[in-house]
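Protein chains: 2
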Amino acid sequence: MGKIKIGILGYGNLGKGVEEGLNRNPDMELLGIFTRRNPQDLKTKSPCYALDDLENFKDKLDVLIMCGGSKSDIPDQGPKMTRFFNTVDSFDKHGKIPEYFETMDQIAKDNKKVAVISTGWDPGLFSLNRLIGEAVLPEGKTYTFWGRGVSQGHSDAVRKVKGVKKAAQYTLPKEEMIKAIKAGQDPAYTGQTAHEREVFVVLAEGFDRDEVRKEIVNMPDYFLGYKTLVHFISDEEFERDHRGMPHGGKVIRQGITSKGHSASYQFELDLASNPEFTASVNIAYARACYRLAKNEEYGAKTVLDIAPGLLSMCSMEELRKRII
Amino acid sequence: MGKIKIGILGYGNLGKGVEEGLNRNPDMELLGIFTRRNPQDLKTKSPCYALDDLENFKDKLDVLIMCGGSKSDIPDQGPKMTRFFNTVDSFDKHGKIPEYFETMDQIAKDNKKVAVISTGWDPGLFSLNRLIGEAVLPEGKTYTFWGRGVSQGHSDAVRKVKGVKKAAQYTLPKEEMIKAIKAGQDPAYTGQTAHEREVFVVLAEGFDRDEVRKEIVNMPDYFLGYKTLVHFISDEEFERDHRGMPHGGKVIRQGITSKGHSASYQFELDLASNPEFTASVNIAYARACYRLAKNEEYGAKTVLDIAPGLLSMCSMEELRKRII
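These protein sequence lines are chains A and B, in that order.
First residue of the first sequence? That's 3 in the working numbering, and the numbers climb one at a time after it.
First residue of the second sequence? That's 3 in the working numbering, and the numbers climb one at a time after it.
Rather than coming from a laboratory, the hints here were simulated on the basis of the structure.
There's no promise every hint is true.
Derived SDA-like pairs (lysine to any residue); straight-line CA-CA distance at most 25 Å [stated by the list, open to error]:
hint, chain 1, residue 1, chain 2, residue 2
1, B, K184, B, S260
2, B, K184, A, W148
3, A, K323, B, E101
4, B, K60, B, R293
Chain A extracted, bound-state conformation (with noise of 0.2 Å):
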C-alpha cells in the first residue's frame, strides 16, 4: 500500500514541527513543504517549493497541512486551499470557529474534500475532553487549565512594549484551585482568577524596570485583572533559560453520578514543545483526513466528528486486540 502523500504549508515552528513528526509516521511520506518566502533561503531536508508551485501538486498531495497563522494566513489560505486539497488546520480563534467550519464546509463539500480544522491540543484534544466529560457527567462542571507554558500571544505583546528588548510570557495555572476543584469544592473559576502571568524582560539601555513593569501589568485584554509577576533579566539568562516553547494544562470534569457520589474526570498535558506537539495531533488528525476522503466522506470536520480509530496507523483489528 502506498504511503500517505503530505504536503506542509508554511514553514514556521508548526511546519517545522509537522516535518519533524513525519519521521514517527512510517505511513507517511513529506513531498514538499510549501513556502512565501524564496525556497532557497529555507535551509530545510526536505523538498522546498514556492507557493505557487502548489497548483502543481493536485494530484499528488492527500492531504495538505495548513501551518499558517489563525490571525490572516488560515482565514485566507483555509478556503482557497480547500477547493483543490484535502486539508488540515489548527484554526485556534475559538469564537469564530462556528463560522470558519460553515465556510470550509460548503467548500470541501462542492469540491468532493475533506477539511479538518481547529486540531490540535486546545482547540483538539482538550476540546475532545470537554466534550467527553459532560457526556459521561452531564451534573458537573468543566474547569479548563492552561500552563506552566509560555503563551506566544502574550510574549509577543510584551515585546512591543518600549524598553522591552526581549519577552517571555509565562502563563501558570492555580494550583490551589485546582486542589479545591477535585475537592469538590467549586471556586469562583475565570479565565483570570484561575491563571497568573509571569514575564521574564531583558530590559533595552536606558530605560526605566518600575516605568515598564507598569504599562506591562495594565496592559488592557492581556494582563489586567491579572495577578502579573516581572522578572528583568540579563540576556544570557534569557538565552539560556527561556528560548524553549513548553506549554500544556488540564481539562477537568468535576461531577457527581448520584447524590453523594462524587467523579472526578481529568486530562492533562505536559509538553517540552508546544508546537511540535499540536504537529504531532495534526499529523495523527491528518492520516483521519486521508481515510475519511478514501471514503468520499466530504465536508468539514472537527474532532467530535472523527472516530477516533480513524487517528492510528494500525488496523481496527489490531486495535481490539491490543488496546480495548
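For chain A, the structure is supplied; the task is to place chain B on it using the hints.
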C-alpha cells in the same frame, strides 16, 4: 422530538447505576427494567418486568443496555438480544473482545441493529486514551494504572478463603512509579510491579489470622507476586468504611516529539462509585448507539468506531460554538 427509549437488562450494581444515571439525561426515558428474578421482588421506582416480557418490547425500545456480568451473562445475552434490539454492553474480558466483536458484528448487521460493545471506563474511556495517546505520540510508551479502588473480582476471591467472613480488596497504583514515568524514566512496568494490593478482612470466629493471611497472599493469579497487605478489622469498621465501590486510575502516554523534547499525555479518573460511572458512560454510548442506528450504520462498534460528538445531548452546532 421524542425521547430515546431505554431498557435495562439486569438489576445489579450496574443496572441500578443506569437507572440512577438516566435521571441526569433528560433526552432519555426508561421504559423498563428486565430481570431474571421475580419482578415483584425488586423494589424499583421504575417499571420492572420479567426477562420473558422483553419480546413484547421489540418495537418499543430504542436501545437495550445490558448490565449483566462479563463472565457468563453478556456472552450469552449479547448475541440473543442484538437480534432484536440495539444494544450497549460493557463486556470486559479483554482477551475475548475480538471474538465477541466478530460475533456481535455479524448478528447486528444481519438484523440491522447497532451493538456498542465493551464500553465503560476500562475497557472504554481508557481504551480511547490508550489509542489517542499512541496516535499523537507514536514514539513513546503507554502505561495504565488502576486504583485506588475496590476490585470486585479480587474481593470475591478473598471471600472464598475459609475463615473470611467479609472482605474488600483495594488495588493501589505505585505512586513512585508514576513519578518516575513522568520524569522521563522508563521503570520496569508490569501489572505486578506497578500495583499493590490491600485487603480488609473480617475474620470468622475460630480462625487463625496468620493462616488466613498466608492463604490470601499466596493465591495464584490474584495475589501471588504482588505486594499484598492484609488488615483484620472488626465487623463494625468494615460496615462503616468498606461498603463503597470507589475506583479510578490513569492512562499515561509518555513520549517525545523530537530528540530532547518530551511530551506527557495523561487521562485520569477518580470515582466514588465505579458501577455508577460505568453506567454513566454506557448511557452516553446508548445515545450514540441510537443515532448510529437512525443513520443505518449497523454492526458492532467499540469506542474507537464512534465519533465523540454522538455522545452529547447537544447539537454539533452548539458544540462547535461552546466546546471546541
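These are the hints, each one checked on the structure:
For the suggested pair K184 (chain B) and S260 (chain B), the alpha carbons sit about 17 Å apart, so the restraint of at most 25 Å is met. Using a Cα cut-off of 25 Å, the hinted pair K184 (chain B) and W148 (chain A) holds, with the two alpha carbons roughly 18 Å apart. Straight-line distance between C-alpha atoms of K323 (chain A) and E101 (chain B) comes to about 9 Å, which keeps the hinted pair within the 25 Å bound. The suggested pairing of K60 (chain B) with R293 (chain B) holds, with an alpha-carbon distance near 18 Å, which does not exceed 25 Å.
Consistency note: the structure conflicts with none of the earlier hints.
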